[in-house]
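So the protein sequences, as listed, match chains A and B. Residue 425 in numbering that gives the first Met the number 0 sits at position 426 of the first sequence, and the numbers go up by one each step. Residue 15 in numbering that gives the first Met the number 0 sits at position 16 of the second sequence, and the numbers go up by one each step.
No wet-lab data here; the hints were simulated from the structure. Everything numeric in this text was worked out from a predicted model, so none of it was measured. Yeah, the Cβ is synthetic: ideal placement off N, Cα and C, and Gly gets one too. Where hints are given, some of them may not hold.
Stated by the list, open to error - If we take Cβ atoms under 7 Å as the criterion, some of the chain B residues that face chain A in the derived model are:
id: 1; residue: Ala86
id: 2; residue: Glu98
id: 3; residue: Met117
id: 4; residue: Pro121
Stated by the list, open to error - Quick list of simulated restraints, FRET-style, between CB atoms:
id: 5; chain 1: A; residue 1: Asn240; chain 2: B; residue 2: His84; range: 56 to 62 Å
id: 6; chain 1: A; residue 1: Leu30; chain 2: B; residue 2: His206; range: 43 to 49 Å
id: 7; chain 1: A; residue 1: Trp433; chain 2: B; residue 2: Ser150; range: 40 to 46 Å
id: 8; chain 1: A; residue 1: Val316; chain 2: B; residue 2: Leu105; range: 31 to 37 Å
id: 9; chain 1: B; residue 1: Glu98; chain 2: A; residue 2: Trp425; range: 35 to 41 Å
id: 10; chain 1: A; residue 1: Arg15; chain 2: B; residue 2: Glu98; range: 40 to 46 Å
id: 11; chain 1: B; residue 1: Ala87; chain 2: A; residue 2: Gln270; range: 24 to 30 Å
id: 12; chain 1: B; residue 1: Gly178; chain 2: A; residue 2: Ile9; range: 25 to 31 Å
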Amino acid sequence: MNLFAAAATIAQKDLRLFFRDRTGMLLGLLLPIALVTVFGMVMKFAFGGGSGMPKVVVYVVDEDGSDASAKFVAGLRAVDMLSVQPRAGEPAIAAAAARQLVHDGEAHHAILVGKGYGDALADGKEPPLTVVRDPGRAMEARLVGIGLMQATMAAAEGRSMPWLMGSVMRRQGMSEAGVARVRTSMQMVQDVIDRFVAGDGELKAADAAKPATAGFDMASLFEDMVPVVHEDVQPPARPKNLNHQLAQSVAGMAVMMLMFGLMACSVTLLQERDQGTLRRLLVSGAPRQALLLGKFVFCLLVGLLQLAIMFAYGELVFGIGVFRDPITLVVLAVTWAAAATAFGMLVAVWADTPKQAEGVSTLLILVMAALGGCWFPIQIADLPWWADVVTHATLTHWAMAGFQGMFWHQKACTDPVLLRAIAVQWGFVLVATWLAWRIWRRRFTGG
Amino acid sequence: MGVRGLATVRAMAPATLLEVEDLTYSYGDRHAVRGANLQCHRGEILGLLGPNGAGKTTLLSCVAGLLGGFRGTMQFAGAPFRPAHDAAARLQLGLVPQELALYDDLSARENLAFFARMQGVPAERRPAAVRRGLELAGLVDRADDRVRTFSGGMKRRLNLAIGDLHGPELLLLDEPTVGVDPQSRNHLFESLQALRAAGRTLVYTSHYMEEVQRLCDRVAVMHDGRVVAVGTTAELAARAGTPEANLEQVFLTLTGRSLRDDA
Ligand SMILES: Nc1ncnc2c1ncn2[C@@H]1O[C@H](COP(=O)(O)OP(=O)(O)OP(=O)(O)O)[C@@H](O)[C@H]1O
Ligand SMILES: [Mg+2]
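Okay, chain A solo, but in the shape it has when bound (with noise of 0.2 Å):
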């Protein structure tokens, strides 16, 4: 036999072995499929509107109730970037409630729209708007910016550059003298704007009078262009190092990691089975539920082991504050080890083989960690009805929410946010736990 002769006999027989295990070969397809759905959907949902950055979440409260603020409004809601909460046409809330909703990080911000909005507006002033704001979320606090004044502009109908630049100016370091030229002239504005933005220097060297000023600082410039009241909600006290995106990404690494780690763990029952220990140890003496259990054990001390060196990990590097709290720490780090390890055997005992049982665990860990939200803050994303129900479905999102409860809105395991995700969590590890021994009575000891 020559070569290829050779060669095209082995390809033929590794097909043939390919197409006969139906169930791996559909997973193996099954799996880009399932994941370019979920993350189309994700990237559509939470990072829609085709500027690349996820929308950010803005409640609405108008108190004013006039022709203008609900102009204002509607041109918020106009903005790419924000997805203006309670939507068009679904109740109001009170500001009390939308100051709670960030709070709790349920929202990014709030825009309260003060009682003489629209009169203010018609005078030519200042109108009364309050941003609620978690002081950690800069990045968002520049898109709402950037909304507010796209939004005013709508409201205004350009009545309202004289004093959105003068305030800006002012805000800049620049004298009141300025702030008249400012107010005086719409083109003047426009000039002094160019100038500012080509780096012209010409405007602070005729204001040297007045102490030194910083930089012209293009993004504040946005971020400040409406005059608003900032009320940052009171931060609880986070390691300096600490951003959102990181809080993230640590909690969100380790819990889907952990999945991963602890499926190769259940699946050790399979080969247990095909090399035959599992009979032996059926015969012996022990009682049967000895052998899950202990298998529950083994993988949950590998899973506490694997998330204590990550967390460990995550501290030394990163100085995230993982054990200010380590009650909190303990409870979730179990809870969740727990909620990893029921799935595992869940999926152990299902499947006929340890490659089933990687092809499904795989495929359900990776869709499970898109959605609840292990790779990026699809929490608050803006989700229509069906995929906010399908999110909070996953395990993954109750891990989340415990982690990211503990490590940035630095919340005890008393905290009824938290206590609420252990409980789903440790509810899915009796379901599951009860399920996989059902299974593992029927198809793995005969009786």
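Got chain A sorted already, so can you dock chain B with the ligands onto it with the hints?
This is chain B with the ligands only, laid out in the frame that chain A set:
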């Protein structure tokens, strides 16, 4: 219990240790065992012969409580026997599976120690049980090497030793001598004879006729899921009408000459 006490109990105990009546088991719609009857006497080595697919492994698995949903009854020392649901019943059994059921990345000693614990050997007797297991397996010199590094024959010997760790009354051996050289085979034979001398009852499947003829007190022949004949080699030869007590001739006469992979 002293040796005399043990002897008294033996004398009082019924001669039949295991009795299987009308055992039927199917994998889906494939009938593997169809109404098999088998009696195993205390202290004997009972050979279980049969073509490939005759149902020997399935029968042993039912006896060991590994397969649920079979029909028929089992008695052990005169009492109903339900090992699948009764841990104490399982302690009276030892199984040497057809496959090499070992942890490749544990050493021989670690494998023995683990299974000794699982098979209910009390802590104070465990070191002695492990030592005896190593001797039985002829692996005293390799005790701390990983099983992965063992030859096929060494693994076979360890496989056997593990089944007997807890000194079960009944030892079920499923082809324990497959793929071993004459030296290892001899070693295994001596081990099995030593076990019988120590009062164990053994059920033993094999495809090596001379081996069965040499070792077993009685032979049961399975065919198509049934036990078609039981007796000493001489009795079987007489029944089968073969001139001399040649087990291979008996076997072929009872089970036919064509390939019998499928029951
Ligand atoms: N796990 C299984 N699933 C389906 N059918 C099986 C399974 N195990 C055995 N069988 C079938 O049951 C029948 C009896 O098989 P069994 O393994 O008991 O035979 P055996 O006498 O031990 O054969 P051998 O001498 O080859 O080991 C065969 O027809 C076999 O194909
Ligand atoms: Mg067999």
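A quick look at each hint next to the structure:
no. : hint                             : verdict
1   : Ala86                            : 5 Å, holds
2   : Glu98                            : 4 Å, holds
3   : Met117                           : 4 Å, holds
4   : Pro121                           : 12 Å, violated
5   : A:Asn240 to B:His84: 56 to 62 Å  : 58 Å, holds
6   : A:Leu30 to B:His206: 43 to 49 Å  : 44 Å, holds
7   : A:Trp433 to B:Ser150: 40 to 46 Å : 44 Å, holds
8   : A:Val316 to B:Leu105: 31 to 37 Å : 36 Å, holds
9   : B:Glu98 to A:Trp425: 35 to 41 Å  : 39 Å, holds
10  : A:Arg15 to B:Glu98: 40 to 46 Å   : 26 Å, violated
11  : B:Ala87 to A:Gln270: 24 to 30 Å  : 29 Å, holds
12  : B:Gly178 to A:Ile9: 25 to 31 Å   : 27 Å, holds
Figure legend: structure checked against the earlier numbered hints; hints not met, in rising order: 4, 10.
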